[in-house]
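A.B. asks: Chains as they are written, first to last, in the working numbering: chain A, 1 to 378; chain B, 1 to 296; chain C, 1 to 291.
A hint or two may mislead.
Unchecked claim - Quick partial rundown of chain B residues pointing at chain C, CB under 10 Å, derived from the structure:
1. Leu-37
2. Leu-67
3. Leu-70
4. Leu-74
5. Leu-77
6. Leu-78
7. Val-82
8. Phe-95
9. Ala-103
10. Ala-105
11. Ala-110
12. Leu-230
13. Met-238
14. Asp-269
Stated by the list, open to error - Derived DSBU-like pairs: lysine-lysine, alpha-carbon spacing no greater than 35 Å straight-line:
15. Lys-129(C) / Lys-32(A)
16. Lys-299(A) / Lys-129(C)
17. Lys-248(A) / Lys-97(A)
These are calculated hints, taken from the structure and not from any lab test.
The beta carbon of each residue, even a glycine, is placed where N, CA and C say it ideally should be.
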Amino acid sequence: MKPFSRLLFAAAVSAAFVAAAVSPAFSAETIKMGFVFSMTGGAAAYGATQKEGAELAVEQINAAAGGGLKIAPIFEDDASVPQQGTNVYNKLINGDKVAVVVGPTLSNTAKITNPIAQQIGVTVLGVSNTAGGITEIGDYIFRNSLTEAVVIPNTMKVAKEKLGLKKVVLFYGNDDAFTKSGADVFRKVLQAEGIQILGEQTFAKGDRDFSPQLTQIKSQNPDAIVCSALVEEASGIVSQARQLGIPKTVRIIGGNGFNSPALIKNAGEASEGVIVGAAWNISSTNPLNVKFVDDYTKKYTRPPDQFAAQAFAGVHIVYQAAKAAGTADNRKAIRDAMVKLKGLDTLLGKFSFTEGRDADHSPVVQEVKGGKFSVFSN
Amino acid sequence: MNLLAQQLVNGLFIGSVYGLFAVGYTLVFGVLDILNLAHAAVFTLGGLVALWLVQAGGMSIWLAFPLATLFAGLLGLLLNQVAFVPLRKRADSQFSGLISSIAMAIIFEAVALGLFGARSVRFPQGTVSVHIWHIAGVTITSLQVGIVLVATLLMLVLTFFIQRTRTGKAIRTVAENERAAMLLGVNVNGIIAFTFFISSALGGAAGILYGLYFDSLAPDMGRSIELKGLAVIILGGMGSIPGAILGGLAFGLSEVLTVAISGTSNLRDAVAFTVLFAILLIRPSGLLGRGKTREA
Amino acid sequence: MLEQLAQFYAVYGSVINFIGINALMALSLNVTLAAGMLSLSNAAFAGLGGYAAGILTLHFKMPYVVSLCGGALTAGLVGLVLGLPVLRLRGVFLAMATLAFGEVVRIAAVNLDITGGAEGLTGIPNVTKTWMIYLALAGAAYFMAVLRRSRLGWALVSMREDETAAACLGIHITYYKVVAFTIGAMLAGLAGGMYAHLNYLITPRDFGFFIAVDLLIYNIVGGTRIWYGPILGAALITALPEILRGVGVTAGPIRMAVNGLILLLVILFLPNGLASIFTRFRPAAAKAEAA
């Protein structure tokens with residue numbers, strides 16, 4: 001290729017970039033929402049249901065909007081890596097000029113990408129980030145996902161009350177920010193509740209074989225196994241524990257990561273009696289929730305999980321803020337309206353933000369009974 | 001419960017699955033001197049296709065297993081045809097073969113992702129009925145026993161095949177010296193294709209057994225076993241089938257015992273890779289291998 | 001015009017930064033590939049450099065340039081120590097050994113407190129700017145271009161072609177291999193240090209096995225035989241998701257498949273990488289570096 005042709009080629013490629021950066025104009029009555037979910041990579045399973053929940057919400061809101069404010073969603077995939085997350089944030093914020101960003105799926109990514117939004121001044125609503133250090137990034141960063149720091153103390157309190165736990169083993173994933181911080185919270189809470197930790201075992205994300213650790217755990221004879229894991233590993237842990245002969249009387253207690261129908265589907269019979277502390281209960285009789293579960297199951301032929309529920313609620317929360325602010329594209333006004341939201345009716349219950357822009361609603365403690373998540377009562 | 005015995009059983013079990021997987025790797029390396037990094041992707045697709053046959057096709061696992069294994073073998077033929085045959089004439093065919101196998105692995109995983117979604121799935125409940133036995137303080141399930149039996153059977157059949165049949169001898173000849181084999185009238189291309197077929201079929205079978213036991217299949221399930229498989233064949237000796245089997249068992253046991261002794265799984269992989277590293281430095285040909293390991 | 005450029009940078013600035021860093025890391029691998037050594041540990045060296053630089057900045061409050069040097073030196077030192085025993089192995093065995101090393105580094109990073117465990121090292125001030133990355137890249141590229149014509153370069157190439165013959169010609173194989181390996185490690189460490197200061201944080205996942213494979217892919221796709229090959233490869237593969245997004249392809253599986261397909265097509269039909277397209281029409285240059 002002669003030098004001039006090469007130049008032309010390079011110019012053409014750059015032009016392609018610029019063309020992709022320019023976006024079509026929208027009317028003032030449409031609010032552009034950017035969604036950053038992990039559709040590929042390690043967190044793809046969660047991103048998938050998040051997108052479904054969000055899409056359902058957008059669909060329903062737009063159908064009911066009439067001539068009022070509509071949502072123009074832009075979905076992007078951050079491939080579960082911060083590099084892509086950064087690129088996508090830049091594109092959404094500077095290229096598409098979204099008013100709000102919902103996501104990203106992983107707390108790890110959020111820590112790197114949210115400062116970008118904070119610096120420019122774009123509201124971010126995390127709908128699945130539950131690790132520490134997220135909302136601390138700045139006053140444009142919100143989340144509606146109840147953190148482990150709130151869910152776990154409640155879970156252990158209720159479990160100890162109803163089961164009289166005295167000694168447990170802690171089993172957690174030590175290579176993921178979410179599961180590790182969940183374990184840290186469990187540890188603190190167990191100590192505060194005076195429950196003895198007989199020992200700790202760890203695993204890594206992607207592990208499928210838990211028999212070595214579970215065998216050790218079995219020999220220690222705990223009253224319960226306290227587990228901080230994401231659903232893929234949780235299913236394996238639960239079913240292998242029972243296969244190994246750990247009796248059902250030794251309960252397995254998990255956090256947010258366990259709260260997915262996939263747990264029941266994958267672990268089957270073994271999941272009976274598993275206790276799950278979470279932000280959302282699929283069988284909650286809250287009418288908004290009942291409708292959501294119904295609609296979701298009809299549209300996607302399987303029941304929703306917590307990721308879908310929180311994404312769904314997240315869209316509503318942002319939409320209400322925009323409506324309250326009376327604007328579709330004033331980024332600052334939307335942020336200010338977010339802070340003021342109080343007692344909003346969502347499928348999570350009455351929702352408000354805390355001082356620190358974290359979620360403020362009551363957590364639940366559930367038990368898997370008859371193949372369903374029901375509220376834990378003894 | 002007899003703690004040590006239970007851990008040994010655990011190790012033996014996972015070791016036999018590793019062994020079955022590693023055998024496919026080492027077969028191709030022995031014959032072609034090429035590391036086929038798409039093996040893990042075939043492992044994944046074998047498992048997923050078996051699941052699809054059972055779930056969507058309503059087949060019993062006894063039928064789905066051989067069919068999916070066959071399919072995996074065909075994938076191996078495809079792999080050979082697309083990624084390795086065009087490169088055989090090249091001087092650096094070992095290296096470029098490695099690269100093209102990486103490319104195929106990416107493509108295969110993308111296909112798995114596109115067809116089956118990212119979520120992990122499992123064989124429907126009741127695909128295999130599981131009985132749990134408690135013997136001498138050790139808990140074993142019928143599924144575990146079944147898997148070990150199938151894996152062992154496959155590996156024995158393979159060993160017998162390689163040692164006793166004519167085709168097996170032809171494979172060994174090609175592995176020893178390709179040119180000499182050609183001069184002896186062996187259909188080298190055909191043998192290589194056949195080797196890929198067997199290797200991938202075994203890899204696919206390992207994937208199905210893995211998915212059955214762990215109740216979990218996902219497009220990226222090959223990733224975790226890929227590295228372990230490599231470690232196993234180094235340990236056992238590249239190109240040696242008994243080595244791969246022994247290596248698999250040794251690896252499975254060491255993994256399990258590391259966890260048992262240290263009380264945490266933090267170090268499990270670190271120990272494995274350190275051992276691998278040490279072996280490469282001290283005795284790169286592994287336990288039973290005889291490949292060239294130094295330059296010229 | 002200026003405004004459009006500013007807009008372009010606002011949207012794609014991060015891509016441009018990553019291209020720079022990936023190109024730097026690709027070049028670091030190229031040094032060893034040029035000698036015919038398949039090393040999969042460069043990602044780990046970048047990690048070591050990144051963590052070292054991060055720790056120097058965070059805990060010892062060193063200025064940026066000192067941290068970067070510290071990172072590069074740490075990586076280089078480890079490379080030297082690792083290289084001596086390992087570089088006698090051939091082909092696949094070397095690859096395995098370097099891979100095992102990389103995994104051990106990653107696992108150590110996940111489990112040690114000083115590296116922040118699985119969450120990584122956070123709170124590193126983001127000092128790296130685009131011009132710094134490209135300055136370093138320009139320096140490395142110049143170095144690579146000059147290397148080809150230097151004594152070291154010729155030694156490496158002859159080792160790649162035929163090690164026995166090279167040894168007979170009096171080329172001290174191990175010495176040159178270790179030198180190449182260490183240079184590559186230092187370059188990777190530098191890239192890692194810059195990366196750590198780019199994104200506020202560095203995690204073990206940023207330097208695992210798959211990143212090591214990515215570096216290999218940049219080199220193969222771009223071409224290993226000339227200095228701008230790895231840069232080209234890194235640029236294309238890093239920008240690929242954005243290019244695909246631009247033409248409306250956002251589905252993950254398709255992106256993955258395109259990546260794999262590009263690699264396959266290159267290795268089958270353009271074994272010397274995309275750079276060979278350019279050198280094909282420059283016979284003089286091609287002759288000079290085809291040697």
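A.B. asks: Confirm or reject each hint.
C.D. replies: Do the hints match the structure? See the list:
no.	hint	in the structure
1	Leu-37	holds (9 Å)
2	Leu-67	violated (24 Å)
3	Leu-70	violated (24 Å)
4	Leu-74	violated (19 Å)
5	Leu-77	violated (17 Å)
6	Leu-78	violated (12 Å)
7	Val-82	holds (8 Å)
8	Phe-95	holds (7 Å)
9	Ala-103	holds (4 Å)
10	Ala-105	holds (7 Å)
11	Ala-110	holds (4 Å)
12	Leu-230	holds (6 Å)
13	Met-238	holds (7 Å)
14	Asp-269	holds (6 Å)
15	Lys-129(C) / Lys-32(A)	holds (30 Å)
16	Lys-299(A) / Lys-129(C)	violated (47 Å)
17	Lys-248(A) / Lys-97(A)	violated (53 Å)
Against the hints set out earlier in the document, violations occur for numbers 2, 3, 4, 5, 6, 16 and 17.
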